[in-house]
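Student: Each chain, written out:
Protein chains: 2
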Amino acid sequence: MKKNAFYAQSGGVTAVINASACGVIETARKHKDRIGKVFAGRNGIIGALTEDLIDTTKESARAIAALRHTPSGAFGSCRYKMKSIEANRREYERLIEVFKAHNIGYFFYNGGGDSADTCLKVSQLGEAMGYPLQAIHVPKTVDNDLPITDNCPGFGSVAKYIAVSTLEATFDVRSMAKTSTKVFVLEVMGRHAGWIAAAGAMASTKDQELPIIVLFPEVLFDQKKFLAKVDALVKKFGYCTVVVSEGCHYPDGKFLAEQGTRDAFGHAQLGGAAPVVANMIKDALGHKFHWGVADYMQRAARHIASKADVDQAYATGKAAVEFALKGHNSVMPTIDRVSDKPYKWKVGMAPLAKVANVEKMMPKNFITTDGFGITERCRTYLGPLMKGEDYPPYKDGLPQYVTLKNVAAPKKLPEFKL
Amino acid sequence: MKKNAFYAQSGGVTAVINASACGVIETARKHKDRIGKVFAGRNGIIGALTEDLIDTTKESARAIAALRHTPSGAFGSCRYKMKSIEANRREYERLIEVFKAHNIGYFFYNGGGDSADTCLKVSQLGEAMGYPLQAIHVPKTVDNDLPITDNCPGFGSVAKYIAVSTLEATFDVRSMAKTSTKVFVLEVMGRHAGWIAAAGAMASTKDQELPIIVLFPEVLFDQKKFLAKVDALVKKFGYCTVVVSEGCHYPDGKFLAEQGTRDAFGHAQLGGAAPVVANMIKDALGHKFHWGVADYMQRAARHIASKADVDQAYATGKAAVEFALKGHNSVMPTIDRVSDKPYKWKVGMAPLAKVANVEKMMPKNFITTDGFGITERCRTYLGPLMKGEDYPPYKDGLPQYVTLKNVAAPKKLPEFKL
Numbered sequence: 001m002k003k004n005a006f007y008a009q010s011g012g013v014t015a016v017i018n019a020s021a022c023g024v025i026e027t028a029r030k031h032k033d034r035i036g037k038v039f040a041g042r043n044g045i046i047g048a049l050t051e052d053l054i055d056t057t058k059e060s061a062r063a064i065a066a067l068r069h070t071p072s073g074a075f076g077s078c079r080y081k082m083k084s085i086e087a088n089r090r091e092y093e094r095l096i097e098v099f100k101a102h103n104i105g106y107f108f109y110n111g112g113g114d115s116a117d118t119c120l121k122v123s124q125l126g127e128a129m130g131y132p133l134q135a136i137h138v139p140k141t142v143d144n145d146l147p148i149t150d151n152c153p154g155f156g157s158v159a160k161y162i163a164v165s166t167l168e169a170t171f172d173v174r175s176m177a178k179t180s181t182k183v184f185v186l187e188v189m190g191r192h193a194g195w196i197a198a199a200g201a202m203a204s205t206k207d208q209e210l211p212i213i214v215l216f217p218e219v220l221f222d223q224k225k226f227l228a229k230v231d232a233l234v235k236k237f238g239y240c241t242v243v244v245s246e247g248c249h250y251p252d253g254k255f256l257a258e259q260g261t262r263d264a265f266g267h268a269q270l271g272g273a274a275p276v277v278a279n280m281i282k283d284a285l286g287h288k289f290h291w292g293v294a295d296y297m298q299r300a301a302r303h304i305a306s307k308a309d310v311d312q313a314y315a316t317g318k319a320a321v322e323f324a325l326k327g328h329n330s331v332m333p334t335i336d337r338v339s340d341k342p343y344k345w346k347v348g349m350a351p352l353a354k355v356a357n358v359e360k361m362m363p364k365n366f367i368t369t370d371g372f373g374i375t376e377r378c379r380t381y382l383g384p385l386m387k388g389e390d391y392p393p394y395k396d397g398l399p400q401y402v403t404l405k406n407v408a409a410p411k412k413l414p415e416f417k418l
Numbered sequence: 001m002k003k004n005a006f007y008a009q010s011g012g013v014t015a016v017i018n019a020s021a022c023g024v025i026e027t028a029r030k031h032k033d034r035i036g037k038v039f040a041g042r043n044g045i046i047g048a049l050t051e052d053l054i055d056t057t058k059e060s061a062r063a064i065a066a067l068r069h070t071p072s073g074a075f076g077s078c079r080y081k082m083k084s085i086e087a088n089r090r091e092y093e094r095l096i097e098v099f100k101a102h103n104i105g106y107f108f109y110n111g112g113g114d115s116a117d118t119c120l121k122v123s124q125l126g127e128a129m130g131y132p133l134q135a136i137h138v139p140k141t142v143d144n145d146l147p148i149t150d151n152c153p154g155f156g157s158v159a160k161y162i163a164v165s166t167l168e169a170t171f172d173v174r175s176m177a178k179t180s181t182k183v184f185v186l187e188v189m190g191r192h193a194g195w196i197a198a199a200g201a202m203a204s205t206k207d208q209e210l211p212i213i214v215l216f217p218e219v220l221f222d223q224k225k226f227l228a229k230v231d232a233l234v235k236k237f238g239y240c241t242v243v244v245s246e247g248c249h250y251p252d253g254k255f256l257a258e259q260g261t262r263d264a265f266g267h268a269q270l271g272g273a274a275p276v277v278a279n280m281i282k283d284a285l286g287h288k289f290h291w292g293v294a295d296y297m298q299r300a301a302r303h304i305a306s307k308a309d310v311d312q313a314y315a316t317g318k319a320a321v322e323f324a325l326k327g328h329n330s331v332m333p334t335i336d337r338v339s340d341k342p343y344k345w346k347v348g349m350a351p352l353a354k355v356a357n358v359e360k361m362m363p364k365n366f367i368t369t370d371g372f373g374i375t376e377r378c379r380t381y382l383g384p385l386m387k388g389e390d391y392p393p394y395k396d397g398l399p400q401y402v403t404l405k406n407v408a409a410p411k412k413l414p415e416f417k418l
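Protein chains in written order, with the working numbering: chain A, 1 to 418; chain B, 1 to 418.
Think of the hints as simulated: they come from the structure by calculation, not from any bench.
All residues carry an ideal CB built from backbone N, CA and C; glycine is no exception.
Any given hint could turn out to be false.
Said to hold, decoys possible - Quick list of simulated restraints, FRET-style, between CB atoms:
hint: 1; chain 1: B; residue 1: D231; chain 2: A; residue 2: K224; range: 29 to 35 angstroms
hint: 2; chain 1: A; residue 1: N357; chain 2: B; residue 2: R337; range: 55 to 61 angstroms
hint: 3; chain 1: A; residue 1: A232; chain 2: B; residue 2: N88; range: 52 to 58 angstroms
hint: 4; chain 1: A; residue 1: K364; chain 2: B; residue 2: K236; range: 47 to 53 angstroms
hint: 5; chain 1: A; residue 1: K395; chain 2: B; residue 2: N365; range: 23 to 29 angstroms
hint: 6; chain 1: A; residue 1: A353; chain 2: B; residue 2: D231; range: 16 to 22 angstroms
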């Protein structure tokens, strides 16, 4: 029986979430006998709740193919955490109503841990309401914190961006150190897990050792020890780079970024962790510094995406559709590492019940005993995820990223207030 | 008569200053009948003063070729402004002594306005001291503020990086705007001239209009007008991006970045202009924001260098040697624009007396009348400079940037205190 599909993007976007969308839509288009239209939620799940469905059949094959090399969320994403079914049954029922009204039998939800949980609940409620859905979660998160899967699509490209940027900025400070800047501080994402910060350390290799200190959220910040480390590296190399995770915090839980900074009007904290760390070094050791904050640039940097990451993002989107066609429900395609050297991977499958609400932190043995670097095991893990380049096409010096038409499908239901 | 050459890098480094070094050294190596060794100053002109000369003949052809795709200063640079001859004749005389001791007849100085001035003075003093030198200045500055030359090597790659990053981050905020971040603020370099900030506006094109506001150092900051512009764009598009130059300032000359921010200990200003602008918007309009600071990443980003820029950096290095061999002195190779569409350029020549101490600002007709954007004339100027990609080779996910051996040449003179 032919059913339509619904696809939505959830939470913070990445350089490759659209590659997953591309995998879902292109694969669905190959199975027109089983899958009718693919609707996309405008601004994520909110599009389903408000019946604001984008009819992706209005997009050309070329436009859909261009999603593979276009960063961010082409249909819009949202930060909208659905409460528990008990607390907000109304919204879950609305989803089922919208799906029913548009003959949607496949639900592809592209996101992190929260959306895996939503995906599972929607499937369960559909079942209970006599409207069975095949709900498949497509993994996506720059935080790399989903369980079971070896890694998460979106992470490899951020890791590559941070490693490359750390390498380049470290070369810069090395050039300037004799008479000017001696310390460069780069702030990166990762509120809970240090995966992204760890990638900064990859800039230093056996062939070319560079003095890089990483400040992880997993390691309680010890100012004295940190300053001693900076001092030692600057004495040895003449300079150093610090990669600080936005989630780095003191033993009492206070983030470095919230050290009580006030502007002239008494407003709280303007800066991030990077200026705090940089000024701390200046005050204690007197070194001239520069600091950068990678923010959205890191997770949107499709221009330097990892080929492994793009391939995996596409493959998980493709697998989601194939799983659905095989009758699976409440599952998530995973990336299973087959071997490290050479790096080989395949797509596996995990039940959503085991994915939802589990956060994978960095293993202890990935961080060096001094707490400021990464171990060989961590390098073995991270290396392949950053591997390969997958450049977008350029025109007049700029990447040719696609903006879709995003035509709305006609509404069939009464309005729904969020 | 065969003479040795001296090459030094000066001031802030760029993604392509080593491409100029590559042009100098490779071209010199092709004229072994006229040019003996190329010595490089370790950490710029300081290397000449302290007789810390790097013998580049110790580097393989392959290592020198790799300079073309390696960012930052391979021999070290410095921020060391030599005073006037009157104020510090001793240092100028020392330079001549070192050059004499090492039979150096060619002086290639790779830098911005200050180094053009130094280059000229060294040449004049050599003449006066009966040790004629051929002093050629090789242009380099991300600030794009040298006169006569149409543009400066180093700028095109920063422009490309900023345009690409602005495009990518704007796609990101567009995806998130419905329920989360509505304004993204990116801080870029440019203390006096808004060339780099202007490049951010290039992310918006006729094919794909994006709401981008640029805050130039050339335009006095008008908070009320700025907030009205943000408000209008967010109302129209749902989001917007602000590209703010570090040099943006109020009518009284105070930079946005120094609005009196103090930390808990009373230390001055931790943040930059970006958090100040972001918080200003939050306070007035209530929009959730994200902000990034591109800092060293922008000028070291060889991974996304402009091909035009790399070619021009190499060509000016090559031309410097050719000019010297033709007997020129106290000149600088320039980039002369022959036509806009198609973009054609050739290398010209400018006398240093006309280059030194002249700062080229953005022309008034490059900035839109509202002060927040760029005109078509500006687009016509900037477009070709960002054109083309020139990717470095990669290994295991990282660019293969070279670190030279930098072997010191034996000293011949007594020590000199700076």
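Student: Each hint needs a verdict: does it hold in this structure or not?
Tutor: Comparing the hints with the structure gives:
1. D231/B with K224/A: 29 to 35 angstroms: Distance hint for D231/B, K224/A is violated at roughly 47 angstroms.
2. N357/A with R337/B: 55 to 61 angstroms: Holds, since N357/A and R337/B (Cβ atoms, about 59 angstroms apart) stay within the stated range.
3. A232/A with N88/B: 52 to 58 angstroms: Since the Cβ atoms of A232/A and N88/B sit about 36 angstroms apart, the hinted range of 52 to 58 angstroms is violated.
4. K364/A with K236/B: 47 to 53 angstroms: holds, 50 angstroms
5. K395/A with N365/B: 23 to 29 angstroms: Holds: the Cβ-Cβ distance is about 26 angstroms, inside 23 to 29 angstroms.
6. A353/A with D231/B: 16 to 22 angstroms: Between A353/A and D231/B, where Cβ atoms are some 46 angstroms apart, the hint is violated.
Taken one by one, the earlier hints fail for this structure at numbers 1, 3 and 6, listed in ascending order.
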